[in-house]
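Peer 1: Chain by chain, the residues:
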Amino acid sequence: MATSSETAMGQGTVRRGLSTALLRVRFFEPASILWVLLILFLLFLVASPFAHLLVVSFEKTGGDGFTLANYVTAYSRSRYLDGLRNSLMLGLATAVVCVAFALPMAWAVSRTNMPAKWLVWGTVLGAFILPPYLTAIGWILLAGPNAGWLNRMWMAITGAESGLFDIYTFTGIVLVIALNAFPYVFLFTKSALDLVSTEMEEAANILGANAWQATWKVTLPLIWPAILGSIIIVFLEAIALFGVPALLGIPARINFVTTQLWEFFGFPLRMEVAAAYSMPLLLITLLLIYAQRLLLSRKGYVSQTGKGGERRPIDIGPWRFVLLGYCTLIGVLAVAAPAYVIVQASFSKAWGRAMSWDNFTVIHYWQILFEQSMTQQAIMNSFMFAAAAAFLAIGLALAIAYLVTRRLVPWGNVLAFLCMAPFVIPGIILAIGFYAAYATPPVALYGTATLMILAFAARFLPIAYATSAAGMRSINPEMEEAVRILGGGRLTAIRAVVAPLLKKTLLGGWLLVFIPATRELSAAIFLVGPQTRVMSVLIYDMSEEGNFELVSALGGIILIATSFFVWLGFKLVGRDFMLRGR
Amino acid sequence: MFKLALRNLTKTYGDVTAVNQVTLDIQEGEFVSLLGPSGCGKTTTLRMIAGFIAPTDGIIEMDGQVLSSPKAMMPPERRQMSMIFQSYAIWPNMTVAENVGFGLKLRKLPAEEIKRRTADILEVVHMGQLAGRYPAELSGGQQQRVALARSIVVKPSILLLDEPLSNLDANLREEMRFEIRRLHDEFRITTVYVTHDQGEAMVTSDRIAVMNAGRIEQVDDPYTLYNKPRTRFVAGFIGRTNFLEGRRERDAVVFDGFTLHTDAFAGPAGDGSGAVTLSVRPQSMKLHGNAPGNPDGRCVIQGKVVERAYLGEHWDYGIAPNGSGVQLRVTALPIEVHDVGAAVWVEFDPAQVAVIA
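These protein sequences, in sequence, are chains A and B. Using this note's numbering, the letters of the first sequence correspond one by one to residues 1 to 582. Using this note's numbering, the letters of the second sequence correspond one by one to residues 1 to 357.
It is worth saying that the hints were derived from the structure and are not from the lab. Computed from a prediction, not measured in an experiment: that's the story for all the values here. Here a beta-carbon is modelled for each residue, glycine too, at the ideal position from N, C-alpha and C. There could be a bad hint or two in this list.
Partial list, computed: chain B residues near chain A (C-beta under 8 Å) [to be verified]:
id: 1; residue: Ala50
id: 2; residue: Pro75
id: 3; residue: Pro76
id: 4; residue: Met81
id: 5; residue: Ser82
id: 6; residue: Ala89
id: 7; residue: Asn93
id: 8; residue: Phe102
id: 9; residue: Gly103
id: 10; residue: Val154
Extracted from the complex, chain A is given alone in its bound form (with noise of 0.2 Å):
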């Protein structure tokens, strides 16, 4: 035995010397070419246009050389400091109207025994349905000075000679940006406040607290993690916003970052000021994404239980019926309002008049669909887009979450984070890295498709990255293994198990990214050309020019096809589908 073994170990090491080589390109994978493929694409995609937003604020106009002269001018002008210092109060303020809007809802929907919850659900739903610059555009209609609904019937009932409300200040930019985007704060503080059973309330009660101190001594401190979190998130929103700033702001002349930079890059041209003007937005970005990552890390505080314990509503009694009064007041200065006015305006002849039969007409709709090419174009584009952006999106997260998840390539969390990071970066300034990669010469994609499908799968890769992650780290690793060790390549576990496992994540996950992309805007109105305009950027065009029963027929067509692929998405995947990779 002894003998015949060491044999063999010599006959082994003989063999090794000889065929290592051999035996490393007879042993070769090929899914390892495509691994190194997709790293370079994610490379491609994410690094690159963020290096050269880096390198492009240190370059002389035109080209090379370095410069700190970008910096100098973009922050020499007080109009500019204006824009920066107006971008922070705009964020500070909707964060608080926010909280203002969406805490009380959630409480009610989470605590108490409000009737009618469903219609704060569907508040939420159709605020996520409302684009911002939609909601804007609403907003005009109903309070734009003087030819404003509200401010007509306020002027027909009181019979003074102007309008009481003015929806181009910047309380009307803060109202309008906060009604869009309140159902952050409703959802992080409701499912904190799911958390929090009553057993910790009736614990205060116990101890002599009135209901009011129960909530206002206990539960309020516990879900306060929440709270802030949230408010970063619509701060970080409302900042990074270019179409409510720039259908509201401009003509009132109130300058903003996002706004600014789009000046920057009207004529003359001056990208390289621009990203040096981009910088503070992305770092307070940055930071504040940081702050928040550690202050919802602290997850004992938001639940000392984990699995919530058990909760009973709280009678109210005929407060309920005021919660439900303000809840319904959100729910029509959000959604019900400016809906209605869009669909009224986007079938009357001249949307100042009355509905009446002889101001009906289809005639929007008609040349929008059929007449138009430009509007035709446009809407072929916006899905074409967010179709291609949406399969290439899910493609590169899937593959990387793949590589992550299976510890194939070494530094995976370096992938990881880089398909996250287009989270902390706000759009606009995604769309000027990319400019600045990848519109300009040698490469020169701007104004093709190539280029706006790139920056739609970029800007949502994050979204398609956690929807794959959760999905890969929910299958076992031994589904592959037994593929694999049965004769079938690391391609034939993807296509045979994993991929046919993963159907409803990726199905959910293409949606989560094709319904955001189809109504993108402020990326999409720094790189389109002309064949390449989508539906958002023509929303903008024509509502500059005033032709807002155009505008409102092109917006009627964006709500009904995001209300029919989110009913896909309910019907295909499940109603919790929108919460997913949030």
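Keeping the supplied structure of chain A fixed, place chain B upon it in accordance with the hints.
Peer 2: Chain B in isolation, oriented as in the chain A frame:
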């Protein structure tokens, strides 16, 4: 030539050595178990054989061909092996028949043959009627049978099993270990079986490799392993035993308070210093209420019952030899009743005493 040969197989993760210089030869058609406590490196060894883990050092050969070395590793899909996983890894998106036929499909066999062989093997594991079911509609035991069928149907060069019974309840586990042995007797597939359960290993295996802290302590057939353990770990891990530590003095071994004559038991070893450890199984000793006559040639020591417990199938006695701090654990038939405090004589069977160091 051996079917499978592991040569100085080693796997380290950072500072931790999971598998340490493991060398093992397995014959064609043999059933070998890797037995050991959790964390002993047995699953890592199995996964290196399968090709899921690359060795840090050493090589794996099958039929004389190198499969794995630190420099190059054949991917699992080309090894012609099959494996049964702890979770069974039955694919939930395929029916029972599709699961079983998958490996045959990968081998590009004609559809006719796939169908026939799938049906045959499902009969063998008594799953014929359930061919059209999805895994979610099967019990744990049925899933286990599907996993067995799926890995046997491809006629693998080597079958690997990774704690396949640990997710089953006790009764089913008992049944399935005999089932696994039955299938091995029928198909004679070279098999490596990983388990922490000595009963499973002893029922199924031709030979058992006992592993501890990344090393193989002893490889032997179940009978030898139990009766002639070579290390303290093996003696303690397989069954219950008494360890007696003593010193060799001329023709006797002197323990704390009593002496046994060396010529009584075979194969006295020792490292020259004279220290000796014996392993004596509780049921290998016999208790007498009176001094047995004619003690010549037998080892008998006198002691006292200090505790006892009746377990139905046997008595469990704790015996303290006179003048000794040692306590012996002795099992006896239900009819052999001795009261606590009573004087007893313990008779050793020299053939059943193992010298372990």
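Peer 1: How about serine 82/B: closest beta carbon in chain A under 8 Å, or not?
Peer 2: 6 Å, holds
Peer 1: A closest beta-carbon separation below 8 Å is what the hint needs, so does proline 75/B meet it against chain A?
Peer 2: 5 Å, holds
Peer 1: Is the interface hint for alanine 89/B satisfied, with its Cβ closer than 8 Å to some Cβ of chain A?
Peer 2: Since the shortest Cβ distance to chain A is 4 Å, the answer is holds.
Peer 1: Would the hint on glycine 103/B be counted as holding, given a Cβ-Cβ threshold of 8 Å to chain A?
Peer 2: At 4 Å from the nearest chain A Cβ, glycine 103/B passes the 8 Å test, so the hint holds.
Peer 1: Using the nearest Cβ pair, does methionine 81/B come within less than 8 Å of chain A?
Peer 2: 6 Å, holds
Peer 1: Does the nearest C-beta of chain A fall within a distance shorter than 8 Å of the C-beta of alanine 50/B?
Peer 2: 6 Å, holds
Peer 1: Should the hint that valine 154/B touches chain A count as held when the rule is a Cβ pair under 8 Å?
Peer 2: Interface hint status for valine 154/B: holds (6 Å vs cutoff 8 Å).
Peer 1: For the hint on asparagine 93/B, does the least C-beta distance to chain A fall short of 8 Å?
Peer 2: Status holds, d = 4 Å.
Peer 1: Under the criterion of a CB-CB separation shorter than 8 Å, is phenylalanine 102/B in contact with chain A as hinted?
Peer 2: With a minimum Cβ separation of about 6 Å from chain A (threshold 8 Å), the hint on phenylalanine 102/B holds.
Peer 1: Close enough to count: is the Cβ of proline 76/B nearer than 8 Å to one in chain A?
Peer 2: With Cβ-Cβ at 4 Å, under 8 Å, it holds.
Figure legend: structure checked against the earlier numbered hints; every hint is met.
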